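J.: The primary structure of each chain is shown beneath.
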Amino acid sequence: MAKQNIELIVNGDRYQLTVEPSRMLVDVLREDLGLTGTKIGCAQGDCGACTVLMDGVSVSSCLTLAVEAHQRDITTIEGLAASPQDLHPLQEAFVQHGAVQCGYCSPGMILSAKHLLDHNPKPSEEEIRQGLSGNLCRCTGYNKIVEAIGDAAEKMAASGKEG
Amino acid sequence: MKTPSIIGQSIPRLDGPAKVTGRALYTNDLSLPGMLYGKLLRSPLAHAKITRIDVSRAKALPGVKDVITGADIPQVKYGNWRLVPQSQDEMALAVDKVRFVGDEVAAVCAIDADTAQRALELIEVEYEELPVILSVEEATAEGAALVHDESEGNVSLVRKIDYGDLEAMFAKADYIREDTFKVHPVQHAYMEPCSCLAASEEGDRVSLWTSTQTPYIVQCLLASTLGLPENNVRVMKVQVGGGFGGKMELRPWEFCASFMSLRTGRPVKFTLTRADELAFGRRRHAMSIYSKVGFSKDGKLLAKDFQVMLDGGAYNAMGPTATFLCGTFGNMLYNYPAYRYFGRHVYTNKPPASAMRGFGAPQAAFAAETQMNMVAEELGIDPIDLRLMNAMQTGDVIPDVATISSCGFKESLEKVRQISGWDEKRGNPKPGKGLGIGCFSFISGGVFNWFNTKYNFSAAEVKVFEDGTAQLATMACDIGQGPDTVLRQILAAELGIPIDKIRLISMDTATTPKADLGTWGSRVTLMNGNAIIEAAGKIKDMLRPVLFSELDLNQIHDVAFEDERVFVRANPKKGMGFAECVYKALRGREGEPLTARGYYTPRNKGLVSPAFSFGAQVAEVEVDTGTGLIRVEKMYTAHDCGVPINKMSVEGQLEGAIQMGLGYALMENLIMDDKGRTLNTTFLDYKMPTAEDMPPGESADVITYEPEGPYGAKEAGEGLAIPTAPAITHAVHQATGYRCMETPITPEKVLRALGKIK
Chain A
1 MAKQNIELIV NGDRYQLTVE PSRMLVDVLR EDLGLTGTKI GCAQGDCGAC TVLMDGVSVS
61 SCLTLAVEAH QRDITTIEGL AASPQDLHPL QEAFVQHGAV QCGYCSPGMI LSAKHLLDHN
121 PKPSEEEIRQ GLSGNLCRCT GYNKIVEAIG DAAEKMAASG KEG
Chain B
1 MKTPSIIGQS IPRLDGPAKV TGRALYTNDL SLPGMLYGKL LRSPLAHAKI TRIDVSRAKA
61 LPGVKDVITG ADIPQVKYGN WRLVPQSQDE MALAVDKVRF VGDEVAAVCA IDADTAQRAL
121 ELIEVEYEEL PVILSVEEAT AEGAALVHDE SEGNVSLVRK IDYGDLEAMF AKADYIREDT
181 FKVHPVQHAY MEPCSCLAAS EEGDRVSLWT STQTPYIVQC LLASTLGLPE NNVRVMKVQV
241 GGGFGGKMEL RPWEFCASFM SLRTGRPVKF TLTRADELAF GRRRHAMSIY SKVGFSKDGK
301 LLAKDFQVML DGGAYNAMGP TATFLCGTFG NMLYNYPAYR YFGRHVYTNK PPASAMRGFG
361 APQAAFAAET QMNMVAEELG IDPIDLRLMN AMQTGDVIPD VATISSCGFK ESLEKVRQIS
421 GWDEKRGNPK PGKGLGIGCF SFISGGVFNW FNTKYNFSAA EVKVFEDGTA QLATMACDIG
481 QGPDTVLRQI LAAELGIPID KIRLISMDTA TTPKADLGTW GSRVTLMNGN AIIEAAGKIK
541 DMLRPVLFSE LDLNQIHDVA FEDERVFVRA NPKKGMGFAE CVYKALRGRE GEPLTARGYY
601 TPRNKGLVSP AFSFGAQVAE VEVDTGTGLI RVEKMYTAHD CGVPINKMSV EGQLEGAIQM
661 GLGYALMENL IMDDKGRTLN TTFLDYKMPT AEDMPPGESA DVITYEPEGP YGAKEAGEGL
721 AIPTAPAITH AVHQATGYRC METPITPEKV LRALGKIK
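Taken in sequence, the protein lines are chains A and B.
Position 85 of the first sequence, counting from 1, maps to 85 under this note's numbering, and the rest follow consecutively.
Position 593 of the second sequence, counting from 1, maps to 593 under this note's numbering, and the rest follow consecutively.
Note that these hints are calculated values from the structure, not bench results.
It should be emphasised that the depicted structure is a prediction, and the values quoted were computed from it without experimental measurement.
In this text, a Cβ means the ideal position worked out from N, Cα and C, and glycines have one as well.
Watch out, some of these pointers could steer you wrong.
Stretches of chain A that chain B covers, calculated by requiring three or more beta carbons in the stretch to come under 8 Å of a beta carbon on chain B [what the hints assert, rightly or not]:
| hint | stretch |
| --- | --- |
| 1 | 98-111 |
| 2 | 136-148 |
Straight line, CA to CA, 25 Å or less: simulated DMTMM-like cross-link-like pairs of lysine to aspartate or glutamate [said to hold, decoys possible]:
| hint | chain 1 | residue 1 | chain 2 | residue 2 |
| --- | --- | --- | --- | --- |
| 3 | B | Lys647 | A | Glu147 |
| 4 | B | Lys647 | A | Glu31 |
| 5 | B | Lys634 | A | Glu92 |
| 6 | B | Lys574 | B | Asp624 |
| 7 | B | Lys647 | A | Asp46 |
| 8 | B | Lys687 | A | Asp151 |
| 9 | B | Lys647 | A | Glu125 |
| 10 | B | Lys501 | A | Glu126 |
| 11 | B | Lys675 | B | Asp298 |
| 12 | B | Lys634 | A | Asp86 |
| 13 | A | Lys122 | B | Glu692 |
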């Protein structure tokens, strides 16, 4: 099939690309744009490591065709913080709470958490756990991740800041 | 001397910000100009002769740059147990025959991944099928087909431990029981699939970036299999997305990438898929365990006969170590007048089992701890009381193995009894609910030099600079467990400088001092920590004279290094800044930098480990007797990890271990058909606990001071993967009367035991 021209808006920057229609968003992000913060843990949509936000909704970028993302607004882990010098409150909480060990699941976890808090700014612990149920972690046992998200939610609510 | 305040602090990981912003690089994030993409052709059969391979069509495909088979590579076998050369039984690509579904047969590299994939499909292989051996029982039966022709009846290694008069002790026993247990295979399931990138250099040299927990082992074995001097191979790692024992050997893709990079003159990268990992990757050994124990009627443990067959799969991998440690942990925790272990590592036509968090101990403890609970019930003694009666203590000697230099086991038992509400809850049993206990001990690094290294087991190089900063160079590996932070905490404590003033150079075999054997057996904090303390001590020896001569000090004074100052301990006002002291020392050295190396090798520490951790865990479960579903409501843990260097890091290890232990007990299992093909090759079918499955936990640190450890530290986190499965098994039994003797505990087994299904 012929290659297609697409435009991706990633972390606020516009990219004009020509891609095979079969290529996945994760591969275009990682290989063509050099945004390797999005990880591949299974390439089957089971582990959540490749989670990105598309028009504010979390998606598995390994199951999303790049052509589906045409003219969509995509946020990857590299684009979450306000500036390269800052950490987003979720990122800060992950570091401070020991919610990161090997770090391979962290980008996807954080973006799933971002989706959750955007839709439910004051989640209960149970809701946080549900919100993370599509993201696997093998190091932390999840509890520190859950704590970090709860703490970030509180801090974001207190500062009145949308993430 | 008081412990520096940085020891024991919950310092967040120093690589945390890079990891949460996506800036941290993992091997598959690397690429080089001109890089080729490698792929492996694997055997579809579990046991077969290769009668013909034709790669000509693959080679002719445009874009393909190299195709190799077993016939093209140096005929050198490898394996981690270099001390026993006949145990080295593996080749990167199969020669003559394949021994498991997934055994690597050929490798290709091409200009892109799709071309490499098409090339694989053009390789023609003809096989002649051989009988397939899928269990240790079949493998050891009379006349069984041999997985390796050289083995005796498919047994690749035997380990025996024998002390005390076993027969006499059994004769003395009032109570004897014999049980058999079976434990199943599970996988590390680290989130980062294996990946490597090799780049050839001038003069037959090669650099390899690889997702490994043992760069030094990979360097040595890669050199021997490539037929190159060790120094021609440089192994580096970037961030590693988990290992848990699954990344501690030379792997076929590391060899193939390096070999083809040398042949093509271009960088070559291989990255595995999750299906590769689940279907063909290393795993924890399945075992068949027979255990006979003898007790006096008042609960004194007298004798144990422990016989184990480990399902090793097609190659030895780290199986010999698992065979040793299974024997060691079949009798740890309690004092036995007599113990006999007979462990056999058995070849089968399955993907090789290897090291996995606990290294033979989770299986041994599942049997030993479950049996302990059975004995307690039979003798009418509380399971914690029975353990307390027999528990090891500081100073106890395990013949031929070790002297226990610190042991908080009894305290752990008392603590877990208290925090779990053990006595009260057991006194008021509720239908469908149960409380169960499992205990553990684990090593803090290994003593036995199976890799046959000529170097020290651990090494560190410390440099200090006139701006008051320092550099630590070490081969020690952070694969997520945290030593990049913990080791710098130790150096910061020694030099009295802030942790952020220490730059770390790690895991590069060409620039960090020889050697560190890597991350396995919970060795890094103790061994590399000790090497750092020795190196820092030498640096301080270079700096101290500056203070003595500058301040005209009497030589009896003790000099302290704290808060970025070097000063007289008895009179802290007398001193100077650390930076100034380094500057002045440099002035006196005619330009020679202040550099020192420290080393650690355990000596006179028995056969197994210089130090042992201990602990006890209680699981509280609820079983739905209608569906058989088991919900772990809470986990209580009390453990002795010596002095924790980083409290948050220890907690993280504990919580992660519970996730793995829970999966092991209740849901994870690699399922195979009768042809040796793994059926669950996705995370949808290989079930691991998610955030929703994790119970809350409560824990207590039992602080002991381990004299052999840096600042009193010892193992933390690996041993904690051991007690969860037996604790849950016990709790399910208390709740339902069903005792699992063959893991995992599934709803189906519960319902069958309750007579709800046939």
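J.: If a hint holds in the structure, say so; if it does not, say that too.
T.: Hint by hint, here is what the structure shows:
1. For the stretch 98-111 of chain A, the stated coverage by chain B holds: 10 residues have a C-beta nearer than 8 Å to a C-beta of that chain, and at least 3 were required.
2. Counting residues of the stretch 136-148 of chain A whose beta carbon lies closer than 8 Å to any beta carbon of chain B gives 11, which meets the minimum of three for the stated coverage.
3. Note on Lys647(B) and Glu147(A): the hinted pairing holds, with a Cα-Cα distance of about 16 Å set against a maximum of 25 Å.
4. With a C-alpha separation of about 39 Å, the suggested pairing of Lys647(B) with Glu31(A) is violated against the 25 Å cut-off.
5. With a C-alpha separation of about 28 Å, the suggested pairing of Lys634(B) with Glu92(A) is violated against the 25 Å cut-off.
6. Among the hinted pairs, Lys574(B) with Asp624(B) is inconsistent with the structure: their alpha-carbon atoms are about 70 Å apart, more than 25 Å.
7. Distance restraint check for Lys647(B) and Asp46(A): the Cα-Cα separation of roughly 32 Å exceeds the 25 Å cut-off, and the hinted pair is therefore not satisfied.
8. Only pairs whose Cα atoms come within 25 Å are accepted, and Lys687(B) paired with Asp151(A) is rejected, the gap being roughly 29 Å.
9. For the proposed pair Lys647(B) and Glu125(A), the alpha carbon gap of about 24 Å is at most 25 Å, so the pair holds.
10. Annotation: proposed proximity of Lys501(B) to Glu126(A) is violated, straight-line Cα distance about 41 Å (limit 25 Å).
11. With a CA separation close to 50 Å, the supplied pair Lys675(B) and Asp298(B) exceeds the 25 Å bound.
12. Using a Cα cut-off of 25 Å, the hinted pair Lys634(B) and Asp86(A) is violated, with the two alpha carbons roughly 37 Å apart.
13. Taking the CA atoms of Lys122(A) and Glu692(B), the gap is near 18 Å; set against the 25 Å cutoff, the hint holds.
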